[in-house]
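Generate coordinates for the entire structure from the input sequences, incorporating the hints supplied.
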Amino acid sequence: AQKVTQAQTEISVVEKEDVTLDCVYETRDTTYYLFWYKQPPSGELVFLIRRNSFDEQNEISGRYSWNFQKSTSSFNFTITASQVVDSAVYFCALTYFNFGNEKLTFGTGTRLTIIP
Amino acid sequence: NAGVTQTPKFQVLKTGQSMTLQCAQDMNHEYMSWYRQDPGMGLRLIHYSVGAGITDQGEVPNGYNVSRSTTEDFPLRLLSAAPSQTSVYFCASSYSETANHGTGELFFGEGSRLTVL
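Chains X and E, in that order, give the protein sequences. The end of the first sequence is residue 116 by the working numbering, with every number in the run present. The end of the second sequence is residue 233 by the working numbering, with every number in the run present.
No wet-lab data here; the hints were simulated from the structure. Even for Gly, the Cβ is constructed at its ideal location relative to N, Cα and C. Mixed in with the good hints there might be a few duds.
[To be verified] Below 27 angstroms or equal to it, Euclidean Cα-Cα: the simulated BS3-like pairs (lysine-lysine) are: (1) X:70 x X:3; (2) X:16 x X:38; (3) E:125 x X:103; (4) X:103 x X:70; (5) X:38 x X:3; (6) E:125 x X:38.
[Stated by the list, open to error] Which residues of chain X face chain E? A few of them, derived with a C-beta cut under 8 angstroms, are: (7) 32; (8) 43; (9) 50.
Spelled out as structure tokens, the structure:
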């Protein structure tokens, strides 16, 4: 069985601070995909990233960066110089390596509030 | 390009009523899924489909039926609504990896908020 744990239920930081959202996963599969999604107050789910398990290089996209460590089963997400628009619920998710993303296991989410 | 379209966006039902949440995608995706989102529980998979005519159960399938008669449509049916089915429902779709498309994104609809009284 697969499991994704986002232990931080809620985080608040002052604007321009850096913040890291933790994601720890469990799986018996040797190859798998990890995702991050953002859910702003409007409710839609916004795709941020998908990484596969055989690519442990860290990823940077603007103010966003992801640290994938297979040794600790973690896929943490850092926002640098946070902005009010980053306020949202962030979900980490996992699926086994397959032909389609039809079966994702989601964490319970971290609600991030950026204080102006 | 509309992406994934869900209807209705809001619905109130009485216990025991039936209804269908519609989901349509215009991206020719093979893979489609239904999730429900409840406070503090993230998103949980209800049913999924890997192509027309093929469906299977996810983590929380009880009380829901699905069918996939076309590639585009994947309706979710509540046969006899219960208050425990009050939730926000998301439909999602994605490409087959063999098609080697883009970022591997799972595309979501805007969600349908269902209240069962």
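These are the hints, each one checked on the structure:
1. X:70 x X:3: holds, 15 angstroms
2. X:16 x X:38: holds, 19 angstroms
3. E:125 x X:103: At roughly 23 angstroms apart (the allowed maximum being 27 angstroms), residue 103 of chain X and residue 125 of chain E satisfy the hint.
4. X:103 x X:70: OK: residue 103 of chain X and residue 70 of chain X at ~21 angstroms, within 27 angstroms.
5. X:38 x X:3: holds, 19 angstroms
6. E:125 x X:38: With Cα atoms ~20 angstroms apart, residue 125 of chain E and residue 38 of chain X stay inside 27 angstroms; holds.
7. 32: With a minimum Cβ separation of about 12 angstroms from chain E (threshold 8 angstroms), the hint on residue 32 of chain X is violated.
8. 43: With a minimum Cβ separation of about 6 angstroms from chain E (threshold 8 angstroms), the hint on residue 43 of chain X holds.
9. 50: holds, 4 angstroms
Taken one by one, the earlier hints fail for this structure only at number 7.
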